[in-house]
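Chains as they are written, first to last, in the working numbering: chain L, 1 to 236; chain D, 1 to 258.
If you're looking for bench data, these hints aren't it; they were derived computationally from the structure. Beta carbons: idealized from backbone N, C-alpha and C, even for Gly. Every clue listed holds true.
Below, a sample of chain L positions facing chain D; criterion: calculated Cβ distance under 10 Å:
#  : residue
1  : 11
2  : 13
3  : 14
4  : 52
5  : 55
6  : 56
7  : 57
8  : 58
9  : 102
10 : 104
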Amino acid sequence: MLRVAAVAKTFVLHLQGGVPIPVLEDVSFSVAAGECLALSGPSGAGKSTLLRMLYGNYRADSGHIRVWHDGDWLDIAAADPRAVLAARARTLGYVSQFLRVVPRVAALDIVAEAGGGDRDAAAKLLHRLNIPPRLHGLPPATFSGGEQQRVNLARGFIARRPVLLLDEPTASLDAENRDIVIGMIHEAKARGAAIVGIFHDAAVRDAVATRLYPVTPLQDAYDRDHSDQCHAGAAA
Amino acid sequence: MADDTLLAARGLSLAFGRVQALAGVDADLWPGEVLAIVGESGSGKTTLLDVLSGRLRPDAGVAWYRDPDGALHDVHAMPQPKLRALHRSDWGFVRQNPRDALRLGVTAGGNVGERLMAQGNRHYGGIRDVAENWLHRVEIDTARMDDLPRTFSGGMLQRLQIARTLVTHPRLVFMDEPIGGLDVSVQARLLDLIRTLVAQLGIAVVLVTHDLSVARLLAHRIMVMQRGRVVESGLTDQVLDDPHHPYTQLLVSSVLQA
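Extracted from the complex, chain D is given alone in its bound form (with noise of 0.2 Å):
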């Protein structure tokens, strides 16, 4: 891999059962890049993403993570504790269900500090003040710092986790459909948010979507996939607007115009 890259993956190869969900992939990630892994479903661009993270084990193939003193890591060799502190601080995970990823108990801003909080950072005032800074980041009333998110709207739901996600300042966060689930009068303003957040804090970012005109507006770099295969990468703009693969001027022709 190059000196400089965050993350690097070679021959990734896994099966489930007699579905190849991945066959031979390579992905490289620079920091503070945005890659988008688009498919239809079933191409393996989750399976990708987890495998990445190291949520799940590859058959074959390495994934590398470079981390901030310069040192390489297996992310599959890396004993659990390890990979799960590095989940709590230096990555993170943005899921398409928030409810998947937030604890429904605890009110919102608690949502917020308890990942400042398994970082070992214990100041409650200090905790309190940032949580609340991230809220109003993310566009949520700072008056509802003190409620259950069980009281709010998807959208808000989904500003939350990102809230929750980024507040630790992670290097790289992995995103599976993060528009996906909401009403798509939501969902210009949280592309919005992501896009203006991702650039302020340089962050890199591996994201899943099977939506193009999100890959468009997000990504530098852009990875097509079709059963379990990268069949054509590049350029975003360019893939989108000049695609040579079959199955990607199949994706792009398929898409309807507004």
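So here's chain L without its partners, still in its complex pose (with noise of 0.2 Å):
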């Protein structure tokens, strides 16, 4: 369903001189179907950077990332907005920290609009998500952060999208719902859903994750090797 090569990524602050932030470097993994794939690594690695270039949030300096896309494969990386966009309305589902809409739409409608205008549907999955009916005719704006949060994850997952990215979609959730996300995870895997997310929740990685995938910091590979030829020039 995704299949990533060789992806690479640096930020250049122009604002800063043009200091170039290397973050990621030579990156390659693949999900199949009913996969669940875990980024792990310090804060600071490039985790949310990743996720977000899977999804074209970011852009790829170089490699490609390929998503199985209306029977064919789809270069992320390379393909034109309006692709990606069609891409995201049918086959990405992305779910991030926050939620970002305008300031007066209901919570119920926001996830209805992404399920494709089934109120129905939207209403019993903001209810799994204990989002009590009082509060489905809101803007989420005024709500708690675990309760914009359970809409982010409604609205994520109500397309039921062959290919989804999680950044850390428990963050901000008691237990009680925390669990309740780690059962729609599970549902999403038995229906073949690709998934790729980041789970600083140790709890909640080991019981969604089919493999993990390590995110090496890049300045702290540069910062050991280089100590490493220091030391090894002391020792001479």
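Hints in hand, dock the two standalone chains.
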């Protein structure tokens, strides 16, 4: 469903004199239907950057991000904007940590819109995620962090996309809601979704991940290599 | 141009005296797509809108529009009556200041119905029904139908302008800072209305805005302009979240986070 090959990413900060910040190098993996790949590594290693690249939100400097879309492979790293939008509309689902919506749109409408207008399904899913009906008609701007994240989860899961990208989907949730989300991820795998996620909570990761992909900070690698050379020099 | 583009421009240039307002600008727009043009004042974004819509003639370059029958028209070679007819039917223009577009001495319902009549619709009762329906769609109390616009608030005037523009179901609407002159408290309502109506009617929009959050919420694609040139373009969230050009990085980093 997803094939990532030799992907690299460097941010260039023009406002800071053009400092290059290398973040990812030679990232390659593939994810089959029904699998859940967990990106692991310390914070700052580039896990969220990688996940955003899979969604086409960040650009790749090189390499390929091929997604099985409409019966063919589409390279998100090279696709034109309209093709990326088509892939997001039918193939790629993304649950970010934060909800970004027009301020006055009601929670139920946000979820229903993502689900092709099915308000009943939206209400059911919100209910399953313990968002009570009295909140369905309100815009989520006033909700708690955990409630906003659950609206975001409902929006991400309602459309049953073939590829799901999850960035810390349980970060602001209590144990009960966390278990509900684990159940939803299991169901998505069972229906054949290919999932890539970042799960800091080890219990969640152990419950849902079929494999781990370690993302190592490039700057650390550079420092380590460099200090090895220094040690070697000192030893000599 | 591709077979299915609605509007395509190549090499548009225009100078005002020594100021190069546009320098070799290319643009494409597909049916149902919202394209945002962003940049600071003086970057050339409003000039580009005026050239694309035929209100200004470029020094060089060409803009093509594809009509519903698939025929291509060079916007700047069209006879004036034909261009005016296009602006009354297939196209719409939403200005920052609704007072520039509305007829302030004509009732709210009349402002909406007038555009239908300009298309040759002569059935008064039918026109009144359609106008009433459109006031409802833009959330103006239909009891205000026979009131003059001068009694309306700024937000209501802008919603009335939108009803007047969309009543003929245009395929392409040019918008120049449609939210710009309004209080923050009414901006969200107008944003949501524009987003919903544009999606429902499948209208293509060229949207000029200096407000990156408006571009983010409304536009599929974005073009960043600086000194008459397009310095960066692409998928809206990609350009705003991972800007590559120094000027785009400056624009994005200059926004105050609310």
